[in-house]
Structures are given as structure tokens and as C-alpha cells.
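K.L.:
Protein chains in written order, with the working numbering: chain S, 1 to 350; chain F, 1 to 350; chain P, 1 to 350; chain W, 1 to 350.
Careful: at least some of the hints might be erroneous.
Since the list can't tell identical chains apart, any single copy or any two copies may satisfy a pair.
[Said to hold, decoys possible] Lysine to any residue pairs mimicking SDA-like chemistry, simulated, CA-CA at most 25 Å apart: (1) Lys3 / Lys138; (2) Lys282 / Gly54; (3) Lys189 / Glu87; (4) Lys340 / Met22; (5) Lys35 / Lys58; (6) Lys282 / Glu55.
The set of hints was computed from the structure by calculation and includes no laboratory data. Since the model is a prediction, treat every value here as computed from it, not as a measurement.
4 protein chains.
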Amino acid sequence: MVKVGIVGATGYAGAELVRLLMGHSEVQIVWYGSKSYVGQDFASIYMNARGFTGEECKADDLDKMAEECDVIFTATPQGYLGSVLNEDILSRTKIIDLSADFRLTDVSTYEKWYGIEHKSPQLINRAVYGLCELYREKIRGRDLVANPGCYTTCSILTAYPMVAEGLIDPDTLIIDAASGTSGAGRGAKVQNLYCEVNESMKPYGVTNHRHTPEIEQELSLAAGRDIMVNFTPHLAPMNRGILATEYATLNLRNGSYPTMEDVQAAYEKYYGDEFFIRLLPKGQMPETRWVEGSNFVDIGYLIDERTHRLIMVGAIDNLVKGAAGQALQNMNILFGLDEKTGLTGMPVFP
Amino acid sequence: MVKVGIVGATGYAGAELVRLLMGHSEVQIVWYGSKSYVGQDFASIYMNARGFTGEECKADDLDKMAEECDVIFTATPQGYLGSVLNEDILSRTKIIDLSADFRLTDVSTYEKWYGIEHKSPQLINRAVYGLCELYREKIRGRDLVANPGCYTTCSILTAYPMVAEGLIDPDTLIIDAASGTSGAGRGAKVQNLYCEVNESMKPYGVTNHRHTPEIEQELSLAAGRDIMVNFTPHLAPMNRGILATEYATLNLRNGSYPTMEDVQAAYEKYYGDEFFIRLLPKGQMPETRWVEGSNFVDIGYLIDERTHRLIMVGAIDNLVKGAAGQALQNMNILFGLDEKTGLTGMPVFP
Amino acid sequence: MVKVGIVGATGYAGAELVRLLMGHSEVQIVWYGSKSYVGQDFASIYMNARGFTGEECKADDLDKMAEECDVIFTATPQGYLGSVLNEDILSRTKIIDLSADFRLTDVSTYEKWYGIEHKSPQLINRAVYGLCELYREKIRGRDLVANPGCYTTCSILTAYPMVAEGLIDPDTLIIDAASGTSGAGRGAKVQNLYCEVNESMKPYGVTNHRHTPEIEQELSLAAGRDIMVNFTPHLAPMNRGILATEYATLNLRNGSYPTMEDVQAAYEKYYGDEFFIRLLPKGQMPETRWVEGSNFVDIGYLIDERTHRLIMVGAIDNLVKGAAGQALQNMNILFGLDEKTGLTGMPVFP
Amino acid sequence: MVKVGIVGATGYAGAELVRLLMGHSEVQIVWYGSKSYVGQDFASIYMNARGFTGEECKADDLDKMAEECDVIFTATPQGYLGSVLNEDILSRTKIIDLSADFRLTDVSTYEKWYGIEHKSPQLINRAVYGLCELYREKIRGRDLVANPGCYTTCSILTAYPMVAEGLIDPDTLIIDAASGTSGAGRGAKVQNLYCEVNESMKPYGVTNHRHTPEIEQELSLAAGRDIMVNFTPHLAPMNRGILATEYATLNLRNGSYPTMEDVQAAYEKYYGDEFFIRLLPKGQMPETRWVEGSNFVDIGYLIDERTHRLIMVGAIDNLVKGAAGQALQNMNILFGLDEKTGLTGMPVFP
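Make the full structure from the sequences, and use the hints.
P.N.:
Structure follows, in C-alpha cells:
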């Protein structure tokens with residue numbers, strides 16, 4: 001049994017990790033870390049866990065956790081892990097970080113977009129970017145995984161094959177996305193109150209959302225050169241789900257534009273064997289309801305023959321493939337388990 | 001492997017059965033029955049099933065299904081099973097009926113409340129009422145299970161120990177309940193459109209909802225005499241969940257009223273060992289969010305010392321414990337499997 | 001023009017007052033009071049007000065406001081008005097209090113249920129309980145109006161004629177109600193976050209909600225003796241609306257129970273001429289969507305011939321008839337204006 | 001008093017017209033037209049209208065309505081008005097058409113995108129496109145107004161000044177929009193059921209939504225040449241509201257890109273005096289909650305200095321400015337009334 005600790009178990013992503021780990025046959029949670037609820041039963045905070053665990057929340061103590069845990073998930077705000085991590089800890093345990101601290105390989109990009117100093121830049125190269133479908137071979141055997149962001153997972157996977165295969169011009173890429181409100185976390189803020197969110201759509205982080213450089217980093221790798229995109233997130237009145245609608249101009253090749261068959265072939269090439277990526281039949285578009293509660297990424301696409309643009313749409317559950325589910329998938333890879341273990345539940349609808 | 005057929009697989013309860021069966025290690029679905037979608041892929045109707053099944057929907061043909069299935073779930077409107085069931089079919093397969101056709105032991109009560117003739121009254125006694133926590137011993141070895149209604153499961157289980165132990169006066173019992181909209185089914189009706197349901201609460205079936213006689217039948221058995229209750233359902237703007245708030249006057253016994261400890265002891269006596277019933281700590285009240293997606297029944301209670309009434313509150317997921325989950329629990333009992341198989345997922349929150 | 005000041009203009013009830021006052025032809029808002037947003041434009045907090053007002057929020061200063069305002073609405077937590085009000089202020093302005101401070105005529109009841117000391121009990125008798133349909137004659141000419149609570153307005157008006165006419169036994173009265181989340185206010189609390197409220201129903205304040213004694217006070221007056229009721233509120237996943245479902249046993253009179261015609265006649269007697277009370281046709285039940293944004297109270301009723309209980313259902317918009325709308329109606333009465341001024345907008349649906 | 005008839009009064013747009021007309025001092029509704037509810041009280045279908053009208057729904061009979069009505073609103077599916085309108089009717093009454101029949105000046109474009117034959121192409125030139133803020137001078141004195149679509153109103157107004165002033169390259173314009181579900185109408189369709197829409201975001205009409213040519217027609221007029229755009233609508237789980245997020249590359253002019261001040265100046269030039277268009281302060285973005293129930297268009301914008309794109313965001317209430325409100329605004333213009341009459345209610349929040 002893999003002994004698991006969670007820093008930030010009482011946030012939405014942490015609690016989703018608990019839910020998924022409860023359905024995983026090879027793990028045992030030995031540390032429910034929390035800042036706000038130390039000493040309280042986890043199941044008294046998240047009452048869905050009643051009957052599954054009687055454990056109390058403990059303070060976040062990475063050093064002590066490294067003693068007791070084979071793997072630690074850090075579901076914390078940015079800055080935390082960077083400020084406490086060191087080589088000694090990594091020599092004793094593995095860490096899967098759900099925050100942004102080790103996602104960006106360029107420390108100045110991190111410090112510019114996040115507005116904070118990176119306290120352990122020397123460890124950035126030790127981390128691997130945990131986008132499983134793209135990097136699973138690199139993830140094996142590592143001890144520090146930077147679990148991708150929610151919007152980024154959806155945005156990158158949806159566009160990656162098109163950029164990598166040169167079907168679209170990456171400089172024209174525009175990503176317009178909407179997320180359920182669990183992505184905003186469980187902090188007590190007026191803007192996230194029921195009556196403020198319900199019955200409304202709003203954009204936020206326009207031109208400066210922090211997931212932008214993460215998307216650019218990965219798609220630049222796909223393109224083989226530095227690219228920049230526009231990414232605009234919106235808050236949607238629902239609990240879970242991310243939908244990313246992405247637009248890019250098709251590349252003219254030998255005098256003609258790529259066809260739907262070309263696009264399909266490229267997606268199949270990259271994702272044809274992926275369990276968690278479901279390529280939809282031609283012309284069908286994803287909807288977040290079909291992935292709710294699951295680790296799936298649904299992808300659809302259409303060419304606009306009039307404007308020679310490709311419209312790609314991806315859908316995920318932000319708490320699963322966008323956070324806890326992918327973290328678990330990474331854990332499975334790290335420990336040589338079947339990558340799907342604990343993640344085969346059918347999406348919940350309605 | 002138990003071979004399973006579903007009549008009405010493309011309704012909400014039927015599709016939830018599919019979801020739960022996909023997580024059950026001992027079954028195989030061999031017949032996706034549907035009236036409206038014959039010949040179409042099940043996963044093209046419920047796209048959450050994409051990647052889980054490539055089967056087509058077939059017409060509902062109970063006779064033929066009896067050949068191929070060890071058990072058939074009928075998730076159909078009332079009247080269907082009564083009109084097609086016979087002894088021959090029951091000699092070849094087992095049936096778990098999610099409709100109301102075999103729930104009421106008194107045929108005239110059925111015909112009065114449902115307004116239709118019962119076409120196979122001779123089979124009523126062959127059926128067992130599948131409220132697992134109360135009747136599991138009677139269910140074993142049977143071939144026809146009447147799976148209880150959603151409101152009734154919640155309403156009966158919440159009040160049963162109080163009535164059976166004589167702590168409350170059952171003639172004063174008032175049950176006020178709210179349900180998510182999946183309980184209204186997937187039929188295309190104006191009243192169930194998003195804009196009609198959203199941002200509104202409404203009562204319906206006031207004084208005449210068909211779950212009333214079912215509640216009365218079971219609580220009369222608990223009381224040892226015929227009782228009548230008031231039951232008022234409400235439609236709530238949410239997908240899933242039933243909350244039943246129940247009021248009854250405490251019985252004065254030897255000059256004093258039952259205490260919270262008496263109430264707790266009675267609940268513990270009946271449900272202390274039940275996995276799927278979670279008795280909440282003193283003073284805590286259930287909320288439907290904590291049971292969503294699961295087979296749990298959460299029960300809380302408080303005595304009003306001023307009015308000498310007991311307020312009992314129960315919460316379930318109407319599609320799981322109120323329909324598909326309990327049906328699966330009944331299947332597990334019928335086939336001698338662990339009653340919890342396929343039903344141990346933690347509730348999904350948020 | 002009536003000069004109006006609002007203490008607590010940036011809460012939900014206060015902001016709804018602003019919305020309604022903007023549609024009132026005879027008033028001018030001269031003081032937008034706020035505790036949290038002093039110095040900020042009101043329209044930068046509630047951006048729906050952009051284009052309607054450019055005024056800044058000012059600190060709550062009842063003494064100074066009394067100089068400038070013909071009437072002050074206090075939309076504040078309980079305890080505030082009681083602690084600052086005095087005769088001098090009342091000699092200079094009129095006050096309509098949306099808090100509970102002057103609703104209960106018995107100071108000890110107030111202190112017991114609210115758990116705070118009443119700081120100006122000598123003024124309680126100066127106040128009039130502002131349930132307009134019942135007390136409009138008493139309200140005229142007064143300077144201190146205790147605007148009723150949201151649940152109480154709905155609960156009392158729905159049951160009042162039945163109790164006053166002796167059609168039901170008030171000791172059997174059970175009130176089960178649900179409210180939209182705006183009733184919980186705009187404070188930044190985890191329990192009111194979108195993801196905590198959405199997709200869930202929950203009871204709260206079971207046996208001890210503070211609106212209970214207010215309901216009992218008024219229905220005791222109707223009954224001519226002290227009565228006690230059970231009142232259970234629930235939080236519903238919607239912005240606005242209160243639905244109260246009320247149960248009581250019919251009184252046997254001369255050997256027979258009241259009929260639907262008797263019930264209808266009693267309702268007509270009390271409310272037949274009331275613009276804001278809409279008695280629904282026989283057998284129809286209210287739904288909160290039909291009153292949203294308006295000052296209406298919709299009332300429906302049905303007799304259960306089996307149990308001899310009457311089920312009465314009332315629906316209001318908690319922010320309008322349950323708070324700001326009724327406050328405005330009271331203002332109209334105080335200033336001799338047409339009671340409906342500013343309140344004749346049709347409910348907004350969907 | 002202007003005598004008003006409504007064809008399709010029992011659809012969502014028609015019923016919203018009724019609501020707004022009830023608050024208009026100069027009109028009287030004399031014909032509630034309906035296909036499905038002839039002979040039933042309008043207020044029994046839309047119970048929010050109880051107390052406002054006791055009129056029955058009548059069949060849609062344009063000829064007879066022309067006798068009795070000074071103006072007729074047609075809130076019908078496309079194809080209806082085109083098939084029944086003629087010069088004789090227009091000689092007797094004015095028509096404001098909320099359908100698409102007379103919006104497109106090119107009949108072949110209409111027939112291609114809508115897939116139906118236009119039955120009265122000779123009347124297309126008689127119609128004026130009723131986007132009030134752009135064309136109010138042309139609207140005066142006309143007898144046939146093509147009321148713009150919901151998405152189009154929001155999309156066009158948001159981009160118009162930028163295109164007209166040459167600040168952006170219109171060939172790069174991408175419009176990503178989300179709408180509340182009332183935009184889908186009141187037809188009984190499975191896809192619009194509460195449980196299908198709730199907790200989900202989905203794109204639809206990708207590359208082929210019928211509002212595309214309408215947007216292109218108007219923005220081509222602004223650009224002075226034919227342009228094409230990408231327009232992708234999404235269904236959002238809310239009743240009302242449209243949010244359009246629009247992207248375009250800034251035009252390099254004399255070696256530099258337009259600044260935020262340039263953008264602001266252009267918006268001010270076109271909309272600075274418009275009551276119904278609220279230009280938000282620099283950097284602020286619209287949210288649909290702030291316009292709900294009103295005729296406002298809120299517009300915000302930001303330049304991405306990295307990609308030299310302008311992101312423009314517009315928000316409207318799809319049933320008001322996107323349908324009934326703009327129709328009423330057009331009526332006010334046609335009859336020489338103050339354009340704001342009946343439309344000055346503050347948006348309803350929450």
C-alpha cells in the first residue's frame with residue numbers, strides 16, 4: 001500500500017483527492033493536512049467522507065510527513081511548496097504539487113506572472129511537468145511532479161497535436177474558456193458567494209491570467225519556437241467543469257488547407273490510444289456534463305471553410321483531470337501502477 | 001458474471017443503473033432496452049458512457065430478455081411491467097422493478113392512486129418490497145423485487161424506528177419533502193425545462209401524490225395498525241437529491257416524553273450496523289450535497305421541547321438510494337453478493 | 001419629494017431598496033449608508049445601479065441622517081437600531097427598521113431568542129409591526145415601523161385568516177419553508193459560497209429559528225390566545241424566493257369540517273381587496289418564480305379529506321415583500337402616498 | 001394610447017414584451033396571440049401576469065390584428081412573418097418583427113443560412129434593421145422594423161466603433177459568446193430540460209449559427225467592405241443573459257498600435273450619449289448579472305500589449321435588449337415617444 005499524505009486536504013482539490021483515493025485499491029491516506037481545521041475530523045468538514053474516514057486533520061508539516069508518507073500531494077496556494085521544499089525532503093518521499101510552483105521552467109516568467117519570488121529555483125529542473133498523456137515516460141522514476149493547472153490541461157491537450165503537426169498557425173491561437181466555480185477555491189470571498197455567481201457569466205484575468213505562460217510554455221515546445229496566445233477565462237454558474245473553445249487559422253500547405261480528415265488523423269496519432277482522451281465523432285462537440293466527476297478529456301473540432309479557421313473544443317472536470325484526478329494519474333505512473341487505477345468511474349450525469 | 005438487462009436504460013434511472021453497473025465487478029450488461037432510441041448507441045445518448053460501452057439500444061422485449069439475462073431491471077412508467085409479466089418469465093429470470101407496479105400489496109389501493117387497472121394482480125404476492133435495510137432477509141431467494149420509490153425510501157427509513165418503537169404518534173406524522181429535478185424524468189415537458197425549474201420552488205401532488213400510500217403501507221406495518229400521513233413533495237432547482245423533513249408529536253410515556261437519547265437509541269437499534277445509513281451526530285442535520293452520487297441515507301433529528309414534536313430529516317440521492325443504487329443493492333442480495341458491491345463510491349462534492 | 005436615507009444600503013436588502021426607490025416617483029435617496037464601503041461609489045459595488053446614481057456610500061450616522069432625511073430605512077443586523085435609537089431622532093425623522101429590534105413586543109422573548117440585550121426597550125411600544133395588509137390603519141401617522149421578517153411575512157399572511165376565523169387548530173400548525181440564498185445576506189461565509197449552496201437542500205435553525213416567536217406573536221393575536229408552532233426553514237439553491245408550506249388540522253364545527261368553500265371565503269374576506277395578495281384558483285399552488293422581483297404574496301390551499309388537515313402554501317420574493325418592498329409599502333402608508341407606488345412592476349420570469 | 005398586438009405572446013420573448021408593456025404608460029395590449037394556448041387566460045400560462053391582465057389568448061391572425069392594433073410585435077419562428085405579410089397589412093398597421101425574416105438584406109444569404117425560402121422578398125427593402133443606437137434616425141417613420149437577434153445585438157454593438165474607426169482588423173474578429181437558456185425558447189425539447197442544461201457548458205452552432213451573417217452584414221457596413229467573422233455561441237446554465245467576448249488584432253497606424261485611450265475615445269464617440277449603453281471604467285469587465293431584467297448593454301475592453309489584440313466584452317439581457325426591450329425601444333421611436341419609456345427599471349440583482 002502506498003502511504004499518502006495531503007497538504008491542503010480541506011480545499012476543494014484536496015477533498016477531491018480524498019474522494020478519488022478512497023476508490024483506489026493500492027493506497028492509504030495517512031495524513032490529512034489542513035491549515036484551518038487542525039484537530040477536527042476530516043469527515044466533519046467534508047461530510048460526504050462520513051463512513052470513509054475517522055481521521056483528524058493535522059497541521060501541514062512537510063518534514064514530518066516525509067517520514068510517514070511515500071508520496072505527498074500539495075494542494076496549496078502558489079508559493080507554499082517553493083518555500084518549504086528541499087533536497088532532504090525529496091530524498092525521503094515523492095511530491096506531486098498541485099500548485100504552480102514548479103510548472104514553469106523559467107523562474108523569471110514565474111516571478112513576473114505570479115508576482116512572488118521563487119524560493120527554491122534550484123529545484124525547478126528536478127521537477128517534471130505532469131501532463132500525463134504527453135510526458136508519461138519522463139514522469140516515471142521522478143520524485144517531484146508539477147501537476148498542471150486546470151485550464152492549462154484542457155487548453156494544451158486540445159491544441160497540442162494541431163500545433164505539433166503544424167496544422168495551425170500557433171500565433172493566431174485564441175483560447176476562450178469557462179470554468180465552474182470550484183476552480184475559485186473554498187475561501188470565504190464575497191465574489192464567490194452563491195448569489196454573486198449564480199445567474200451570471202463573467203470574464204476575469206483578461207490578458208493576465210496566470211495559466212497563460214503555462215499554456216505558452218507547452219505549446220511553444222510543440223511548435224518548436226516561442227509562441228504567444230490569448231487566453232480568457234470566464235466564471236460559469238456551475239460547480240465543476242471547464243470548457244475551452246480554441247480558435248486558430250489553418251496553415252496553407254502546398255496550396256491547400258488541412259481537411260477535417262487531416263485534423264482527425266493528427267488527433268488520432270497523438271491520442272488514439274489514450275483512455276482518458278475521448279475524441280468525439282466528426283462534428284460533435286464536448287459538453288462539460290459528460291465528463292463530470294471523471295478524469296476524461298473530451299475533444300471535438302470543426303473547420304470553418306469560410307474563414308479557414310479551426311475551432312477546437314475541449315472539456316474536462318476541473319477538479320479531476322484539472323487537479324486531483326491527474327495528480328492521482330501521476331501517482332500511478334510514479335509507483336508503476338496501472339495508470340487508470342482509481343480513475344475508471346463513469347462520469348456522473350445528470 | 002451476472003448477465004443484466006435493463007428495460008428503460010435511456011431514462012435517468014436506467015442510465016444511472018448503467019453508471020453503477022459499470023463500477024460493479026461481477027456483472028455484464030447484455031441488453032440496453034429503450035423505447036425511443038432503438039438502434040442507436042447507448043453512448044451516443046448518454047455520452048458520459050463513451051469509452052465504457054459500444055452497445056446499441058434494443059427494443060424492450062421482456063420475453064427475449066428473459067432468455068439472455070440473469071436479472072432484468074425495469075425502469076419504466078407504472079403499468080408496463082404489470083401488463084407484460086407472467087410466471088413463465090419469472091421462471092427464467094429475476095426481475096427488479098423500479099416502477100410502482102408491485103410495491104403496494106393492496107391492488108385496489110394501487111388502482112385508486114395510480115388510476116390504472118393492475119393487469120397481473122396475481123403476482124403481487126410473489127413480489128417482495130425491496131427496502132433493503134428493513135427486508136433483506138425476505139429479499140434473499142426471491143425472483144421479483146418491487147424497488148421502493150425515491151420519496152418513499154427516504155421518508156420511510158427516516159421515520160421507521162420512531163414508529164416501530166412507539167416514540168411518536170404516527171397519526172400526527174407530516175412529511176414535507178423536496179426533490180431534485182431528475183426525479184421528474186427525461187420526458188420533454190414544458191414544466192421541466194431549465195427556465196421553468198431554475199430559480200423556483202414549487203409544491204406538487206399536494207394531498208394526492210402516489211408515494212403516499214406506499215409510505216403509509218410500510219409505516220402501518222411498523223405501527224402495527226393502519227395509519228395515514230400527510231406527504232407533500234416539492235420540486236427544487238437541482239439535479240439530484242431528496243430531503244425529507246418529517247414532523248410528529250412525541251408519545252407521552254409514563255408521564256414523560258422521549259429524550260434525544262431515547263431517539264438516538266432507537267435509531268441505533270435499527271440502523272447502527274447499516275453501512276448505507278449514516279446517523280448524524282446529535283443536532284446535525286442532513287444536506288443533500290453530502291450524499292450526491294451515493295447510496296447513503298443521512299438521518300438527523302431534533303426534539304422541539306416547546307411543542308413536544310420530533311423533527312426528523314433524511315437525505316438521499318434520488319437516483320441512487322432512491323432508484324438505481326437500491327436496485328443494485330437488491331441485486332446483490334438476490335445473487336448472494338456483498339450488498340455493498342459497486343456501491344462504495346464516496347459521494348461527489350461539490 | 002420624500003428624502004430617504006438607508007443604513008446598510010450595500011447589503012442585499014438595502015440594495016433592493018435602492019432598486020425599488022429608483023422606480024418610485026416621489027422619493028430621492030440622499031444617504032447611501034454603508035459600513036464596509038464608505039467613500040466608494042454605490043454603483044461600483046452594485047453595478048446594476050450604474051447610470052442611476054453617482055453617489056458615494058457614507059458612514060452610518062443616524063443622528064446626522066435624521067437632519068437630512070424624511071425617512072430612514074435601517075437594513076442592519078439585529079441590535080444596531082436598538083443601540084442607537086432615541087426619542088430625539090424619532091422627533092426629527094421616521095424610521096422603518098428592517099431588522100428584528102422592534103418586532104417583538106415582549107422584550108424578554110427578544111432577548112431569549114436573539115441572545116442579546118435590548119438597549120432601548122422603552123421604544124418598543126412606540127413601534128408598530130409593519131405587516132401592511134393586517135395593520136395599515138395602525139401604521140398611518142407613526143414614526144417607527146418594525147418591518148416584518150421574510151419568513152414571517154409569508155408564514156403569517158398564509159395562515160392568518162384560517163387562525164382568525166377558527167377554521168384550523170393553531171396548536172397543530174407546522175410551517176415548513178424554503179428560502180433563496182439572498183436571505184442569508186452578503187457576508188463572506190464559507191457556508192454561503194456558490195459550491196456549498198448549489199445542488200443542495202438543507203434545513204437550518206431547526207426548533208430555534210428566530211422568526212418563530214414573531215410568527216407566534218402575530219398568530220396568537222389572530223387566535224386570541226397564546227399559541228406555539230413548529231417552523232423549519234430550509235436553504236434552497238436559488239437567489240430569491242420563499243415558499244412556506246403550512247399544515248394544520250381543521251376544526252370540527254357542528255359535526256363537520258370546513259370545506260374548500262369555507263376556506264376560500266375566509267381568505268377572500270381578509271384578502272379579497274388586497275392588490276399584493278393573489279389568492280390562487282382552487283387547487284392551484286404558488287411557485288416562487290411567479291412572484292420574483294415583485295411585492296406579491298401568492299397563496300394556495302388544499303384540504304386533505306383523509307387526514308382533515310388543511311395545507312396552505314404561500315410564496316413571496318424574500319427581498320421584496322419579505323424586506324425592501326414591504327418597507328417601501330410601509331413608507332407609502334406613512335407618507336400618505338398610494339400604497340402601490342413604486343411596487344407595480346410585474347414579476348420577472350424567467 | 002398605442003394599441004398593441006403580440007403574435008407569439010406565450011413564448012419567452014413574447015411574455016417579456018407583456019411584462020415590459022405593463023410598465024409602459026402609453027400602451028394597451030389588445031391582442032395576446034398564441035398558437036398553443038388559444039382560449040386560455042394569458043395569466044394562467046404566465047402566472048406572473050396574474051393581477052395585470054385577465055385577457056385570453058387569441059389565435060394569431062395578422063389580418064384581423066391589423067384592424068385593431070397600431071403596432072404588432074411578431075415573436076415567432078423564422079418564416080412566419082415572411083409567409084403572411086403583405087402591403088395591405090403594412091398599410092394598416094406597423095410591425096416590429098422579432099424573428100429573422102427581415103434582418104438580412106440579401107435574400108440568398110437568408111435562404112442559405114436559414115434553409116427556407118423567403119416568401120416575401122419584395123418587402124425586405126421596406127424593413128429597417130432596428131438596432132436603435134445605430135439606426136434610430138432611419139427607424140423613425142417606418143412601418144416594418146426587423147428587430148435584431150440577441151447575440152447579434154450584443155456582438156455588433158460591442159465591436160462596431162472599433163471596426164468603424166479602423167482600430168481593429170475586422171478579418172481577425174472572433175466572437176465567443178454564451179447565452180442563458182431562455183434564448184432557446186419554451187419548446188418542449190429534451191436538450192433544454194433542467195437536468196440537461198444545469199451544471200454544464202456547451203458550444204452549439206459552431207461555424208454555422210444563423211446569427212453569423214447578421215453580424216457580418218452590420219460590421220461590413222461599419223468596415224465599408226465585406227468581412228467575415230467567427231462566431232461561436234455557448235449555452236450557459238442560467239435563465240437570462242448574453243456575454244460576448246470578442247478578439248481582434250489592432251491595426252498598426254503610423255507605426256504604433258492604438259492605445260487604451262484611443263479605444264476609449266472611439267467608444268465614447270459612438271456611445272457617450274447613449275442611455276442604454278454603459279461603457280465601463282478602464283479595465284472593468286461586464287458581467288451578465290448587472291444587466292439582468294434591463295435594456296442595458298455593458299461594454300468593457302482591454303488591450304493585450306503582448307499580442308496586440310483588443311479584447312472587447314459586451315453583456316446584455318437576451319430577453320430585453322436582445323429581444324423584447326429593444327422591440328419596445330423601436331416602438332417608442334416609431335411612435336415618437338421618449339425612447340426610454342417603459343425601459344428605465346434598474347437591473348434586478350441578485
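K.L.:
Against this structure, judge whether each hint is valid.
P.N.:
Structure-based check of each hint:
no.	hint	in the structure
1	Lys3 / Lys138	within (23 Å within a copy, 42 Å between copies)
2	Lys282 / Gly54	between (48 Å within a copy, 17 Å between copies)
3	Lys189 / Glu87	neither (36 Å within a copy, 39 Å between copies)
4	Lys340 / Met22	both (14 Å within a copy, 15 Å between copies)
5	Lys35 / Lys58	within (8 Å within a copy, 37 Å between copies)
6	Lys282 / Glu55	between (48 Å within a copy, 19 Å between copies)
In terms of the numbered hints stated before, the structure departs from hint 3 and from no other.
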